[in-house]
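Let's have the full structure, built from the sequences with the hints guiding it.
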Amino acid sequence: MAKSNKPIFWGLFAAGGTVTAFVTPALVLVTLFAAMRFNMDMFTYETIHAFAAHWLSKLIIFGVILVSLWHAAHRLRVTAHDFGIRADTVVAYVVYGLAALGTLMTLVYLLRI
Amino acid sequence: MNSKPYVREVSKTTWFLSHPRYQRYMAREVTCIFIMAYTFLLICALGSLADGPDAFQEFLNALRGPWGVLFNVAVLAATVYHSATWFNVTPQAMPIQRGEEFVPGHLIVGAHYGVWAVVSLIILVWGM
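The listed protein sequences correspond, in order, to chains A and B.
One gets our numbering by counting positions in the first sequence from 1 and adding 6 to each.
One gets our numbering by counting positions in the second sequence from 1 and adding 1000 to each.
Any given hint could be a false lead.
To be verified - Covered by chain A, according to a simulated footprint, are these stretches of chain B (three or more residues, beta-carbon under 8 Å):
| hint | region |
| --- | --- |
| 1 | 1003 to 1009 |
| 2 | 1073 to 1080 |
| 3 | 1083 to 1095 |
| 4 | 1099 to 1111 |
Hints listed in this document are in silico derivations from the structure and should not be mistaken for laboratory results.
In this text, a Cβ means the ideal position worked out from N, Cα and C, and glycines have one as well.
Given below as structure tokens:
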């Protein structure tokens, strides 16, 4: 069988889709509640920082953001095509560049927390 | 003989408006814009967390403005639509065979909704 790196990327894409589907709505609810001042005691710098400072939390945060970014980036590429944008190479550079930038930012921020 | 080939006129930009099924497809496609934007909101939160208490408070203040609430409501609607539409097609996307028989679709869909509920509950209990 011919070697291909497609299964790796396809696997990441599927993982991203699964994580996004199961996790993101509840995450959005948490930030929505934070925005609506429902959980004032929980949403303080001290509690959030204490959570994010643990290595396991960092690993989970990095994993969730990583697969969300790359999954959304790949879908954005397809969506651009569906809206009639046929400059696929440019679109690919933009969306994967965005995902790469987000990954780098996440990495730097997590290391500084 | 007519040598002129028949070319169907299909708009590259508005083709999906012609059929409700295409509209639902595009509605689902568009949810990825919201998911991408939301992921960057999380990254901004991380950045403010790394910068210290003042930066984090500034992030919270921005989040608590009308745009922050509106953005979260829009993303919530988009992600719930994205999740539900994915779970509903899982029997077609990944059919499970047990011996000769295929596991009934409603069991696969039901299992996904069950896991979704549990995962959401864990995140909510933990994030409140």
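Given as covered by chain A, does the region 1099 to 1111 of chain B meet the bar of three residues or more with CB within less than 8 Å? Check failed, 0 qualifying residues.
Between the region 1083 to 1095 of chain B and chain A, are there enough contacts, at least three residues with CB-CB distance under 8 Å, for the coverage claim to hold? holds (count 3)
For the region 1003 to 1009 of chain B, does the count of residues with a C-beta closer than 8 Å to a C-beta of chain A reach 3? That given contact is violated, which follows from only 0 residues of the region 1003 to 1009 of chain B lying within Cβ reach (below 8 Å) of chain A.
Please check whether the region 1073 to 1080 of chain B has three or more residues whose CB lies within less than 8 Å of a CB on chain A. Coverage by chain A holds here, the residue count being 5 at a Cβ distance below 8 Å.
Comparing the model with each earlier hint shows violations of hints 1 and 4; every other hint is respected.
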